[in-house]
Amino acid sequence: MEESGVAVREKNDEISLLADELIQLSVKCSLVVPNEKRTLICSIWTKKAYNPESFKAQMKSLWKTKRKFEIQLVGQNLFLIVFDLEDDLEAIMEGRPWLFRKCLVLFNRLTKPMERNQIRLYSSPF
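In terms of numbering that gives the first Met the number 0, the numbers along the sequence shown are unbroken and rise by one, the last being 125.
Because the hints were derived from the structure by calculation, they are not lab data. There's no promise every hint is true.
As the list claims (entries may be wrong) - Cross-link-like lysine-lysine pairs, in silico, DSBU-like; alpha carbons within 30 Å at most: (1) Lys111 - Lys63; (2) Lys63 - Lys46; (3) Lys67 - Lys101.
Stated by the list, open to error - Label-pair restraints from in silico Cβ distances: (4) Asn116 - Lys65: 32 to 42 Å; (5) Lys46 - Asp83: 32 to 42 Å; (6) Leu84 - Ser60: 11 to 21 Å; (7) Glu85 - Lys46: 29 to 39 Å; (8) Pro96 - Lys46: 16 to 26 Å; (9) Gly94 - Tyr121: 13 to 23 Å; (10) Thr64 - Ser123: 11 to 21 Å; (11) Lys47 - Asp86: 31 to 41 Å; (12) Lys63 - Asn116: 31 to 41 Å; (13) Trp44 - Gln117: 13 to 23 Å; (14) Lys46 - Asn116: 12 to 22 Å; (15) Ser123 - Glu85: 16 to 26 Å.
Virtual Cβ for every residue (Gly too), placed ideally from N, Cα, C.
I would like the entire structure built from these sequences, with the hints used as guidance.
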């Protein structure tokens, strides 16, 4: 599947029925792959539920960029942000810390394909 120039590849998805007949979805492998554009991987440091569309709208209104950027949901509390300009990406990185509903927004560059379960976002410079 490819959206906004960023490919997310799913392999070996498996659905199994438990003994008590609850359905469990187990994703064995999912690869997040950046393309030639400048890409950030992003998460919000919270356990509270929130609307991803609300996050996208707030960031698009806060971040004043020279060119457009796209925010794509690629997992639970995991987003890819794809920029047309390197300067825009750098401005967002230099403007840290960013907050969404009083929660820290964590992000890092995505320069190579990564397994979704290997992505660790745990710090942000102040």
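Each hint tested on the structure:
| no. | hint | in the structure |
| --- | --- | --- |
| 1 | Lys111 - Lys63 | holds, 27 Å |
| 2 | Lys63 - Lys46 | holds, 28 Å |
| 3 | Lys67 - Lys101 | holds, 25 Å |
| 4 | Asn116 - Lys65: 32 to 42 Å | holds, 35 Å |
| 5 | Lys46 - Asp83: 32 to 42 Å | holds, 33 Å |
| 6 | Leu84 - Ser60: 11 to 21 Å | holds, 18 Å |
| 7 | Glu85 - Lys46: 29 to 39 Å | holds, 33 Å |
| 8 | Pro96 - Lys46: 16 to 26 Å | holds, 19 Å |
| 9 | Gly94 - Tyr121: 13 to 23 Å | holds, 20 Å |
| 10 | Thr64 - Ser123: 11 to 21 Å | holds, 19 Å |
| 11 | Lys47 - Asp86: 31 to 41 Å | holds, 33 Å |
| 12 | Lys63 - Asn116: 31 to 41 Å | holds, 34 Å |
| 13 | Trp44 - Gln117: 13 to 23 Å | holds, 18 Å |
| 14 | Lys46 - Asn116: 12 to 22 Å | holds, 18 Å |
| 15 | Ser123 - Glu85: 16 to 26 Å | holds, 20 Å |
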